[in-house]
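A.B. asks: Protein chains in written order, with the working numbering: chain A, 44 to 180; chain B, 44 to 180.
Because the hints were derived from the structure by calculation, they are not lab data. Any given hint might turn out to be false.
Think about it this way: if two alpha-carbon atoms lie no more than 20 Å apart in a straight line, the pair counts; the simulated EDC-like pairs of lysine to aspartate or glutamate are [what the hints assert, rightly or not]: (1) A:Lys-47 with B:Glu-101; (2) A:Lys-179 with B:Glu-123; (3) B:Lys-150 with B:Glu-101.
Per the computed footprint, the stretches of chain A lying under chain B, defined by three or more beta-carbons under 8 Å from a beta-carbon of chain B, are [as the list claims (entries may be wrong)]: (4) 59-72; (5) 102-108; (6) 148-155.
Positions of the beta carbon are idealized from the N, C-alpha and C atoms, including for glycine.
Protein chains: 2
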Amino acid sequence: MSGKAHFSLEGSGEPTSAGRFVGPRDVAPVEFIDGLQFRPVIGERMLANYVHFDRNSEAPRHVHEEEQIVIVLDGELVFEIDGEVRTMHHGDIAVIPAWVPHRAHTKDNTCLEVDVFNPPRKTLVDHAVAQRDAAKS
Amino acid sequence: MSGKAHFSLEGSGEPTSAGRFVGPRDVAPVEFIDGLQFRPVIGERMLANYVHFDRNSEAPRHVHEEEQIVIVLDGELVFEIDGEVRTMHHGDIAVIPAWVPHRAHTKDNTCLEVDVFNPPRKTLVDHAVAQRDAAKS
Chain A
44 MSGKAHFSLE GSGEPTSAGR FVGPRDVAPV EFIDGLQFRP VIGERMLANY VHFDRNSEAP
104 RHVHEEEQIV IVLDGELVFE IDGEVRTMHH GDIAVIPAWV PHRAHTKDNT CLEVDVFNPP
164 RKTLVDHAVA QRDAAKS
Chain B
44 MSGKAHFSLE GSGEPTSAGR FVGPRDVAPV EFIDGLQFRP VIGERMLANY VHFDRNSEAP
104 RHVHEEEQIV IVLDGELVFE IDGEVRTMHH GDIAVIPAWV PHRAHTKDNT CLEVDVFNPP
164 RKTLVDHAVA QRDAAKS
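So that you can see chain A by itself, here it is in the shape it has in the complex:
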């Protein structure tokens, strides 16, 4: 594989929507649970969700059909994937296939991370669409 193949302008597809830029401060937060603020950013086939954990906050053990990739931006997050526990820091990634149980919590620190879901996580889509449309207007 070469850079020529990777960085190609060849292809027959038509864009189905426009791209956009979003920062963590561009999205109004929603708090489904005490201590966790969600700031969802919707794409077409993926949804990215900024998650801010206050100190001593928890995303309880849960499952869902959407595949999830977690990327830690700041702070420290104790993360469990189906019984395996790691303390994640800046730049660490967790890959969570469909229906794999997981949970996360902070200790005496905050954490900012991004969850990317495919398909867009159902419980966040309505809020994410509203956020996108508010940003346009």
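Given the coordinates of chain A, assemble chain B onto it according to the supplied hints.
C.D. replies: Frame of chain A; chain B shown alone:
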């Protein structure tokens, strides 16, 4: 929508593979083009790629069918999506639907960012699978 619905243990699916944790130093780099090191992390329906830009390095304008979400971890990245240019910093996101032309470059600084693709980007899959399997052994 409530935390109860979002953090649910209800669901009938069976996990199709195990989850895993990966850090930027766990993946051997591949350099398709001078000044850009890729460290791909494969999932099932998504692929995350750590991209390190040296100073004054460029990912030339290109298109692909995979949807892409860019998340900047460190440094500064000048990013163009179909003619719109922004300087991205820590925590900033770019959403790039299928076939939307984009390019990126650094000036007098390095940058570490993560690209998440759905489906896994074809030009990175072989390398990502080899990396995953090497990590297992």
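A.B. asks: For every hint, state whether the structure bears it out.
C.D. replies: Verification of the supplied hints:
no.: 1; hint: A:Lys-47 with B:Glu-101; in the structure: 13 Å, holds
no.: 2; hint: A:Lys-179 with B:Glu-123; in the structure: 19 Å, holds
no.: 3; hint: B:Lys-150 with B:Glu-101; in the structure: 9 Å, holds
no.: 4; hint: 59-72; in the structure: holds (count 9)
no.: 5; hint: 102-108; in the structure: holds (count 7)
no.: 6; hint: 148-155; in the structure: violated (count 1)
Consistency note: the structure conflicts with earlier hint 6 alone.
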